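Protein chains: 2
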Amino acid sequence: MLIDCKSISNEIDANTKDTLSKTSVKAKLVSFAVAPDSGTISYLKSQKKKASSLGIEYEMIIATDVDELKALLKRCSKDSSVHGIFVSHPLPDKESELEIVQLVNPNKDIEGRNPNNLGMLIYGHEQFSPCTAQAVIEILERSTSIMGKKATIIGRSPTVGMPVSLMLLKRERSATVTVCHTKTRNLQAITKDSDIVVVAVGRAGFLKPEMVKEGAIVIDVGINVVEGKIVGDVDNKVQEKAWITPVPGGVGSVTTSVLMNRVALNAARSDKI
Amino acid sequence: MLIDCKSISNEIDANTKDTLSKTSVKAKLVSFAVAPDSGTISYLKSQKKKASSLGIEYEMIIATDVDELKALLKRCSKDSSVHGIFVSHPLPDKESELEIVQLVNPNKDIEGRNPNNLGMLIYGHEQFSPCTAQAVIEILERSTSIMGKKATIIGRSPTVGMPVSLMLLKRERSATVTVCHTKTRNLQAITKDSDIVVVAVGRAGFLKPEMVKEGAIVIDVGINVVEGKIVGDVDNKVQEKAWITPVPGGVGSVTTSVLMNRVALNAARSDKI
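As you go down the protein sequences, you meet chains A and B in turn. Residues in the first sequence are numbered from 1295 upward in steps of one, following my numbering. Residues in the second sequence are numbered from 1295 upward in steps of one, following my numbering.
Each hint should be verified, as a subset may be incorrect.
The list treats identical chains as interchangeable, and a pair is accepted whether it falls inside one copy or across any two copies.
As the list claims (entries may be wrong) - Here are the simulated lysine-lysine pairs, DSS-like style, with alpha carbons at most 30 Å apart:
#, residue 1, residue 2
1, K1464, K1364
2, K1372, K1311
3, K1464, K1486
4, K1300, K1531
5, K1342, K1316
6, K1388, K1566
7, K1388, K1342
8, K1523, K1566
9, K1342, K1322
10, K1523, K1372
11, K1507, K1344
12, K1316, K1344
13, K1343, K1486
14, K1523, K1464
15, K1477, K1502
16, K1502, K1300
Hints are computed from structural coordinates only; laboratory data are not their basis. It should be emphasised that the depicted structure is a prediction, and the values quoted were computed from it without experimental measurement.
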């Protein structure tokens, strides 16, 4: 059984268009990349297409190295015509990732990577939650009642596993949350007992049918390339017994819709300041 | 079986004294309270005693209301002679708590309540983790090997449950972490299967022996007053089958040692700037 993520994206996009129709500000997104590979370039092109379809101005800036990126980010963070900043990851220099996310103006941090925005999650404020984590929540809230459910998250990244766990613990949602990872023992016993499973491990076909409870909701955050095709972290056979999000056209698409929605909301907010 | 928290406090205090002996800066802690009750006053007095025993200058400032507190915090945050700021909680005006923690200079935020410092936990940086959460970790690291263990946290507060879960997920520790709360179903099945249980619910005797696995490590963060006596969240009988931290003289004492240690480290750092 497949969760219809297309209609969730459409719903968010409709909200984006509605927001934009009510502001006179021209919303603008700037996306950065450093020495991008062809995969990154093709992702940024699809972003551009999406932005244009919604009426958001889009600029793609390719920096030659991390130092140039830093200088460009500082300038862009102050530019009042820019309402959202996106930085393609991973960066060539992994060491500087934290420094880079701190250079993005927290109010334009549509990806939700800035430590201050992450810390706000602990206080229940999700205005700039990590965009992929937000996409997971958007899908879950439309697919099931979360309250009191057992949710297991496989993966503990700063952009998915950790923030999704905090967001599912928020009082309005109140799932009982377990976070698993490479050091977890007997993972199958944990996932098999879960109503909700979020998988973000980056390994094709990682979650097998025998690891999943009948009728569970499975959110597949994985993006893996196998023989030139994009596949998720969830074995295709899981859909015979549980609800799963497709890959491609699942979490990734909803994430792009979330990103654009934030650019629109930021533009509308700047209108009122 | 009782975990010897006294020796853990002593170890941290010894480190504090050593740090102070190597700096010429006079370390100073300022603690604030708004319209404090007798319990808060007596806690602040014990803080003063501890600071003085370690050679840390201590100032207690009582504000008449939250507005006065805000003005005082702004000044204190800029005062270079102050190396740590403590604010007694809860505040009379709960709504303003987030605003208050944001007024504390993040570099003097020895309690680790500032959103930026909380967000840094997600990136694995714990310099200013919430002090009670840090005390829990200090105790656990000296009591058991955490790697791969099942840890259950009961309670999801911004100062204990949520940060402890992030800190136990950090790669060097790598526990499998479950966070439970009032909406959790069948809590006993979860706690009974856990190697580590951290309880922070604020209900005397909440964790019963039948909820705990033989030989588990139980960290009691509760502070409750029952018939004039301070007791924790863990039923006394749990110590017949598991390791527990005493209350009083457990997490609370270690937390005070952690606080003082941070003031000393901050003073030593200011020496080098």
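Requested in this report: Up to 30 Å between alpha-carbons, please classify K1523 paired with K1372: within, between, both or neither.
Outcome: neither (40 Å within a copy, 56 Å between copies)
Query raised in the report: For the identical chains here, do K1342 and K1322 meet the 30 Å Cα criterion within one copy, between copies, both, or neither?
Result: Within one copy only: 11 Å inside, 53 Å across.
Query raised in the report: How would you classify K1507 and K1344 at a CA-CA limit of 30 Å: within, between, both, or neither?
Result: For K1507 and K1344, neither the intra-copy (36 Å) nor the inter-copy (53 Å) Cα distance is at most 30 Å.
Query - Up to 30 Å CA-CA - K1344 versus K1316, copy category - result: Answer is within; shortest intra-copy Cα gap is 19 Å, inter-copy 59 Å.
**Report entry** Identical-chain pair category, K1464 with K1486, by Cα at 30 Å
**Finding:** Answer is both; intra-copy 24 Å and inter-copy 24 Å each pass.
Query - Same-copy or cross-copy closeness of K1502 to K1300 [CA-CA at most 30 Å] - result: Within one copy, since 24 Å is at most 30 Å while 48 Å is not.
Report task. Could you place K1477 and K1502 in one of the four classes (within, between, both, neither) given a Cα distance threshold of 30 Å? Result -> both (18 Å within a copy, 29 Å between copies)
Report task. Can you give me the call for K1343 and K1486, within, between, both or neither, at a CA distance of at most 30 Å? Result -> Neither, since 40 Å and 52 Å both go past 30 Å.
Query raised in the report: With identical chains treated as interchangeable, where does the CA-CA distance between K1388 and K1342 reach 30 Å or less: within a copy, between copies, both, or neither?
Result: For K1388 and K1342, only the intra-copy Cα distance (26 Å) is at most 30 Å; the inter-copy one is 44 Å.
Query raised in the report: Is the C-alpha distance from K1300 to K1531 at most 30 Å within one copy, between copies, in both cases, or in neither?
Result: within (21 Å within a copy, 54 Å between copies)
**Report entry** Copy assignment of K1372 with K1311, given that the CA separation must stay at most 30 Å
**Finding:** Answer is within: at 25 Å inside a copy they meet the 30 Å cutoff, but 45 Å across does not.
Requested in this report: Please work out whether the CA atoms of K1464 and K1364 approach to 30 Å or closer within one copy, between two copies, in both situations, or in neither?
Outcome: Cα proximity of K1464 and K1364: across copies only (28 Å, versus 34 Å in one copy).
In terms of the numbered hints stated before, the structure departs from hints 8, 10, 11, 13 and 14, listed from lowest to highest.
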